[in-house]
Amino acid sequence: MVGGVWEEIEVKVPASEAWKLYGSLLLTKVTVEALPDRFSKFEVIEGDGSAGTILHIFLAPGTAGAASYKEKYTVVDNEKRVKEVELVEGGFLDLGFTVYRVRGEVIEKEGKKEECIVRGSIEYELKEEAAGNAALVSIEPLRAIMQIAADYLTKNYTTNV
1 MVGGVWEEIE VKVPASEAWK LYGSLLLTKV TVEALPDRFS KFEVIEGDGS
51 AGTILHIFLA PGTAGAASYK EKYTVVDNEK RVKEVELVEG GFLDLGFTVY
101 RVRGEVIEKE GKKEECIVRG SIEYELKEEA AGNAALVSIE PLRAIMQIAA
151 DYLTKNYTTN V
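UniProt numbering numbers the first residue of the sequence shown as 1 and each following residue consecutively.
Careful, some of the hints might be misleading.
Unchecked claim - Subject to a maximum C-alpha distance of 30 angstroms in a straight line, what follows is the list of computed DSSO-like cross-link-like pairs (lysine-lysine):
1) K155 - K109
2) K72 - K20
3) K70 - K41
4) K20 - K112
5) K12 - K113
6) K155 - K29
7) K72 - K112
Because the hints were derived from the structure by calculation, they are not lab data.
Input sequences plus hints: build the corresponding full structure.
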């Protein structure tokens with residue numbers, strides 16, 4: 001079984017500024033700090049934030065499901081401003097998913113250089129016998145991270161005018 005969900009939000013900063021957050025490890029740091037009830041910490045297992053980077057994400061005590069999971073940055077394209085992250089251990093993979101991929105794109109807003117669109121999507125594949133677990137996939141956690149990022153960018157971006 002294959003499926004996916006996606007969401008877009010507008011952010012009132014240039015795409016180049018938004019990518020500085022989305023294209024780096026800073027996004028994970030900001031997310032973990034902003035959601036202490038969901039995440040306790042993260043560790044970089046390998047890499048520097050470029051493609052091939054592996055993170056170990058630890059969930060806050062009392063969070064339903066696994067205590068942690070590992071994800072790998074499979075694509076970090078600075079020209080197209082696209083990042084793809086795949087689960088490589090734990091989390092949804094323990095529930096019959098064979099692929100769980102999160103993609104983030106930062107898109108220049110036509111005619112408005114001080115604004116951009118951030119598109120987040122989740123793509124997944126799962127074994128037929130686990131097809132009922134597709135209902136566990138929700139855009140809400142990704143939407144929350146996108147909003148945290150937008151708030152962070154809006155608060156920390158200053159124009160050089």
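Check your understanding: Does the structure break any of the earlier hints, and which numbers would those be?
Key -> Per hint list: single violation, 7.
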